[in-house]
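A.B. asks: Sequences listed follow chains P and W, in order. Mapping the first sequence onto the working numbering, position 299 (from 1) lands on 1552, and the numbers just tick up by one. Mapping the second sequence onto the working numbering, position 14 (from 1) lands on 67, and the numbers just tick up by one.
No lab work stands behind these hints, which were simulated from the structure alone. Some hints here could point you the wrong way.
Claimed, not checked - Below are the SDA-like pairs computed for lysine to any residue, each with C-alpha atoms no more than 25 Å apart in a straight line:
1. W:K220 x P:M1460
2. W:K187 x P:G1555
3. W:K137 x P:F1457
4. W:K137 x P:N1454
5. W:K205 x P:M1430
6. W:K137 x P:A1346
7. W:K187 x P:C1423
8. W:K205 x P:R1431
9. W:K226 x W:R204
10. W:K190 x P:F1410
11. W:K137 x P:V1339
12. W:K190 x P:C1423
13. W:K187 x P:M1460
14. W:K190 x P:D1444
15. W:K190 x P:F1457
16. W:K226 x P:A1346
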Amino acid sequence: MVDFWQIIQNASVELISPTTAAYALAALGLAIHFGFTGLINFGQAGFMAVGAYGFGISTLTFHFPVWAAVLTGIGASIVLALLLGVPTLRLRADYLAIVTIAAAEIFRLVVSTPNAGPITGSADGLSGYKTGFAALNPIPPGTYGFGPFTMNEYDLFLRLVAWTVVILCCLLAWQLMRSPWGRVVKGIREDEDAVRALGKNVYFYKMQSLILGGVFGSLAGIIFILPRAIVPSNFATTLTFFVYTVLLLGGAATILGPVIGSIIFWVTLSAVSGFVARAQEAGWFPGMSSVQAGQTRFIVVGVVLMLIVIFRPQGVFGNKKELAFVK
Amino acid sequence: MSSSAIPKKSGPVKTVDLHVGEIAPGVAKANPIIVADNVTRSFGGLVAVDVAHVEIPRNAITALIGPNGAGKTTFFNLLTGFDKPDSGTWTFSGKSLAGIPSFRVARLGQVRTFQLTKALGLLSVLDNMKLGAKGQKGENMFAALLPWIWRKQEAEVEARAMVLLEKFTLDTKAEDYAASLSGGQRKLLEMARALMSEPTLVMLDEPMAGVNPALTQSLLDHILDLKTQGMTVLFVEHDMQMVRHIADWVIVMAEGRIVAEGPPDVVMVNPAVIDAYLGSHHDQDLGEDPEQEEENVTAIRELLDANDES
């Protein structure tokens, strides 16, 4: 029999998991790029990877303290944003899309080459970079929480840090978007020539936006690797499109949308895969192997993404008024 | 020679005596705001703009007319930094503008609108207006995080925006998305937004295109009002009635060149102007292209109608 209580418990773990926080933060960066400024960045996985590897390599190879490793990750994403932005931000929006998706793949393939093994761990990736972060933990060892939210001191600390970062970044983005700076980038999204004609340095604003969203992406990458190891295959293009799903689910031009979108995404994904796996075991789907059952959730993600774009393009939190004027 | 205004029997007050010496293409102006020399721009083999010398008079309304493909909009784009010329220099209030990017041109006080209106659809009408204001502290990314730095200025900008919106009868729409405005209202919004930057020269690319007749008069009044407030207006327009009605000076372009200029009454009867509207196809058998023929006939009829009115 399918144990629905277990499925619900497993799914509710995702409510506050660090992965959910990481996706929320990456989607918030994408909201700044795509939702507010109109920059089509298809390489958010690249920004996350740069942050993750910046953190991991500086810790393992150069023995940086945690704060310096985080700054290295952030710095690497700024460098990536400049590299991508300088040649493409003067061009039409679609060029940025092409360049970012390519750059993210190039980065992933370069770090997974065997020759880079001593530094990047090639295809096996990196691990063992968490001791510095764990040492910062002020929470005494023990078991905390209740029910599905039972966790040890490291997991509790990680969740507190991850969601604090998400909240701070949300506040930062919220303040920026209600300021005159936000008005300029939203104007650029609508028509950059019009904004240029009003005396604003459009190129400069687009660069600032690309860097800010990229930095959020790199922080998301660091949070993403703290509960697991760094594995290059985690940063493939599918990651970017999952983040886009999260963003569109919540609402592209909103601050809370990415957070709620990420929670809905992960809880649903966990519930669906839990249900399919158990139902397959119980023989509800004759002819389906357990491997096939594991892949079903990605079919569900695709269908959900299509349904959102067709029936609720403004997302859960998007302004309904906007819908009347979607081009 | 200084410019002075004399009232006409009806209609707006025209500024006269703008030029110095004999009227001819490229004639010197008593008080020019823009002086352009040898500005050329070609697209492949096509020479879109080839202006040897032109001066735009200050504190007057100048119309730039000419048949389709005469290079008016390209010349506009060059003057505002939206396009780069192959050669040439031009000054705005004595300051050389060649090679200056468009956003700097706008900051210097030369603001433009577009032929295809660029209302920022998913911004409110009020936000559209506020975007026009220059020198906003809160537009700096770091200052934006500290609202007490820009809150006072923001309130001032908003007050100024509301005054302008009221003038352009858009104040009731302030909170609506600009996308919900009609075509004519968007033209009004674009003009009002341009005024938020407190420009000295307003360049309007076909301000009347697609505006319904009910709004035409109000748009005309707004343009005339700009002159009263001491601004200079340069506009591209196909509507000859409007040109005759409000322009103090008319510059005619054809095939990239300035072929004639002068006060509207004088220019409209200039054979070079009628030539300009026909001339580009004088060596073709018009019968072969009925569409082109119709276009040419319409152009002449407009010119003649406009002349009959006076």
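A.B. asks: Would you pick out the hints that fail for this structure and give their numbers low to high?
C.D. replies: Result: hints 1, 2, 7, 10 and 16 break, sorted rising.
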